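Asker: Listed below are the residues making up each chain.
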Amino acid sequence: MKLPLSWLKDYVDIDISAEELAKRLLCCGFEVEEIICKGKEIKNVVAGKILSIKKHPGADKLLICEVSVGNGAIRVVTGAQNVKAGDTVPVALHGATLLGGVKIKEGKLRGELSQGMLCSGEELGLTSADYEGASADGILIIREKVAPGTDIKQALGLDECVLDVSVTANRPDCQSVYGMAREIAALLDKPLKPLNLNYDEEKGDSIERHLDVEVLAPDLCPRYMVKYVIDIEMVQSPSWMKRRLALCGIRPINVIVDITNYVLLEVGQPMHAFDYRFLEGAKIIVRRANRGEKITTLNEKESGLSEEMLVICDVKKPMALAGIMGGENSGIREDTREIVFEAAKFARDCIRRTSRKLSVQSDSSARFEKGVDAGLCEIAMRRALALVHQLKCGKIISGIKDICAEKLSRKVISVEKEKIDRLLGISIEKEAMMRILNRLEFKVSFEKDTLLCEVPLFREDIDGYPDLAEEIIRYYGHDHLVPTLLKNASITKGGKNASHKHADRLKDVMVAQGFNEIITYSFISQEYFDKFRLKASDPLRKAIRLLNPLSEKMAVMRTTLVPSIIETVATNTRKKILSGRLFELANVYIPSSLPLNSLPDEKPMLAFALFGEGEDFFTAKGCVENIEEHFGLELSYERGSYPFMHGGRCADVFCGGEKIGFFGEVHPDALEEFDIKQRVYIAEIDFRLLEKNICYYRGFKPVPKFPEVDRDIAVIVKEEVTCGQLLETISRKGGALLKEAELFDCYVGGQIEKGKKSMAFSLRFGSEDRTLKVEEVDQAIEKILKALNQEYGAILR
Amino acid sequence: MREKVDVLLKEALIKISGAADSVGLNDLRVKYLGRNGELTALLKGLKDIPPQDRPAAGKIINEAREAIEEALKHKEEQLKAQEKQRRIEAERVDITMPGKRQALGTLHPLNIVKNEIVDIFTSFGFELCDGPEIEFDYYNFQALNIPKDHPARDMQDTFYINDNILLRTHTSPTQAHVMESRKPPIRILSHGKVYRSDDDATHSPMFHQIEGLVIDTDISLCDLKGILDEFARGIFNENTKTRFRPSYFPFTEPSVEVDVTCSMCGGEGCRLCKGTGWIEVLGAGMVNHRVLLNCGIDPEKYGGFAFGLGIERITMIKYGIPDMRLLFENEVRFLSQFRKGR
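Protein sequence lines correspond, in order, to chains A and B.
When we follow this note's numbering, the leftmost residue of the first sequence carries the number 84, and every step to the right adds one.
When we follow this note's numbering, the leftmost residue of the second sequence carries the number 47, and every step to the right adds one.
Worth flagging that the hints you see were computed from the coordinates, not collected in a lab.
Where hints are given, some of them may not hold.
[Said to hold, decoys possible] Here are the simulated EDC-like cross-link-like pairs (lysine to aspartate or glutamate), alpha carbons at most 20 Å apart as the crow flies:
| hint | chain 1 | residue 1 | chain 2 | residue 2 |
| --- | --- | --- | --- | --- |
| 1 | A | Lys-636 | B | Asp-246 |
| 2 | A | Lys-576 | B | Asp-262 |
| 3 | A | Lys-502 | B | Glu-346 |
| 4 | A | Lys-658 | B | Glu-375 |
These numbers come from a predicted model, not from an experiment.
Please model the complete structure; the sequences and the hints are all you need to start from.
Answerer: As structure tokens, this is what we get:
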């Protein structure tokens, strides 16, 4: 909210700098986001009166002006053609500074002495919003009577400082000059000067004869008030009013509209003015809109209405969207002579809903949405009429229509002082409490140790004693708080639960294997499902859609982490980072049904990706095996099949009888979709299923007492026979004596027949109660080899 | 005999001491002491001398044998030591060459910082709690004193799934769930991903929050200040100070914004803190009585405080990261920089 300092000074004597004021306001909860001083850079520029003009002897397009600058006249050469003798214009004297720090010096222009420069609006940082005509080409012509020599900042109001203050949502009462002046008065401990609310009425006539008002929806309109003003002189507003509106970002229009805007800025009550001519039936009806009813608002937009919306009507038609925007059919025009001023309180949620639904916003709706108190209508109405009176632009007919459904009574809060002290943690003297609350217009007294407090009407945010405590500490100062460490609290058991610790440990395992943790967005593009060639029936396609996504790229809640991690690989390879290991532990969102009517399952998943030289299916598998070992899992593998995975290099991972995930090489088609030109290996594992099978400790097994015997065997088999099949046979036939068996070599080529391969296993035999005899081991080996031969045609190499 | 032995011994000792390596030394052992060795030969020759002289001669020969064995042993040790020394010298490596290892990975900086924050608060008895990211409007807003069409909803641009279900805009709904389901005393941290429809250098549509909640019989604003002072010192440095500024959140009353002294300039004023010496890091306050009532807790009996902070913001301040989008781009050269663990 923009607050011109001079306007604030109308109501409170501010004797500190804008910067100091900003600092003090911050400590009371008002953040000054910016201090705007337009003329800050402008120096040594004065108003000058052009005495005479003659042509430059050496240049057709230049003029030489004789300009009075107060203490004498100077010669200025200018290229502008819009000046004439008698004009008052801004003159930058020798040594002046303009916008952007531009310096002006005396010098010769085509041989003629120029002792300064005539300035355009732009050179002074002015636009037509600041001063009418300021944006025009050429020199700025000052219309007001200003004595030559007057500092231009003073003449054009460039000395004005505007504070841009952000007001929190709980303080609609501070959304105005007067509201902030009240806080500043309390802050500086100075009196708040009253608003001028005085005006005279035309006694002979009464509003009763001209207008009736009926409020049919008091729940949406707790107060509705109108006054009737005739003999409007539709003139331009005085320059001080236009300037203030401009400083606050509002375009001046005509005196009546300007008065309503001025009052909105000054006291925070939106007002509206209707042209009485267009009011049919001499009656205003405030009611819910009829379904299908239509209104064209002042912004020339037609809106279809519904029953939840509030409209201001005459007997025939809607004339305004209550609190949001007037209708085109009843607005103030240049020839308007009689008006009805409206000041009302509308329910903020109704305004908010309607404004959102119709996409019609205005300063008025923005203000109503924040909340307006019923007491303010009257102050605003009187202030508007006082301005009409002051500007002599209309005659005010006596009488008022004021329909008020809300009780205008002040809330009373009584609370033991001790409660406030306990909430704050320090004891504040009664006098200090009273002083602070009084300054904020609360009526306060103490009955023994009980604080009795009458809340001003405009403080609808005050709800209970914690609000009073906040007001008190806000002005008493938070720096008086003495830090304590939960001094009267019970001991509690804190920390992380088992699942948090498992997750931490899993991340440690990944980090130890060289993975960088990534964090990617939970929402993805639905396009990925097509890129992954998923079937229409694929459960991964059953994803929750956002109603209002930022873009289609972030439109559905992911059902798998795989697209995000491949996308991240792509981000890296695009930047020529051609190798890496990445992992993410994050939720996927699985709805039980769509559209969603209950909360989905948020399933934590581990995804990882490996890419670059040295990575292959088995380095990926090695990572899975390290996880297995770390958490004491017992995993098994089956060939996996997914449309986005390489058909020959993908495995499903099983644990405890359930599939817990998969890993392998990404399908070349999928990689092409991501424009990745190298192989990528990924895995996705359900963290909850992994967690379920964690077994850090399986009980103690004694180390072997008797020496064990190691034997290696190498067999030649057909290429399609798997290591897993051979190992299964070996361990089945090895019997109790076989302690370990693992593959140590797989060889294809050279001495091996085509279509076959050699697989070499190292076996370890042992017994708990004796040293094995050579014959026992030989027998076991023989049995194994025989079975391998029978089952897979394996031949000892 | 003695002369013979002496000559042999002298020659043997000279040769032994001059042996170049263990092979040469072994040849000498054979030459003198072997089955056909020279000294062995002398010993064998004893049978040719008169019996009465034999003991004396035997003694002389044995003494010589012992001397040779001693010399051999000594020389052997010496040679072994020399050979080891030579090997060691030959095996000299360039110790500045890199080690062979599985390179370590890194945690994401947001999680490094989150872990640090969690460690600080769990040490004060806070329990880490989880809650759903896809939430009911009721828990995200209404239970927290933000009714439908309340202006405070403008503070948080919300992603909706339908009228009733949304992506949580803060981690506060977890607090409402805990208050609803447990009896005080409550001392929890809620954490996780939150979502708001905002996307620029300082806002991300998904970001991370961590919030604390304490409910007990006698909790004051001073306790909040105390805990947050500890937090600020723990996460930045021992000299960090905090400042409370009045503010507004619908779920707390009184509410404060909390600033810390700028970690870059220590409060002198610099570019990071825009010359003010202070950096806003979190919002906090005493839990609003309406929120307690909504969650079934008697505000006459219990009260407490809550605070919430954005992990992105703390991370950006801590590491001097200028653009939030870097945190979600996940470029390896960025990620690899953050080595500090738990």
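Asker: Hint by hint, which ones does the structure fall short of?
Answerer: As far as the earlier hints go, not one is violated by this structure.
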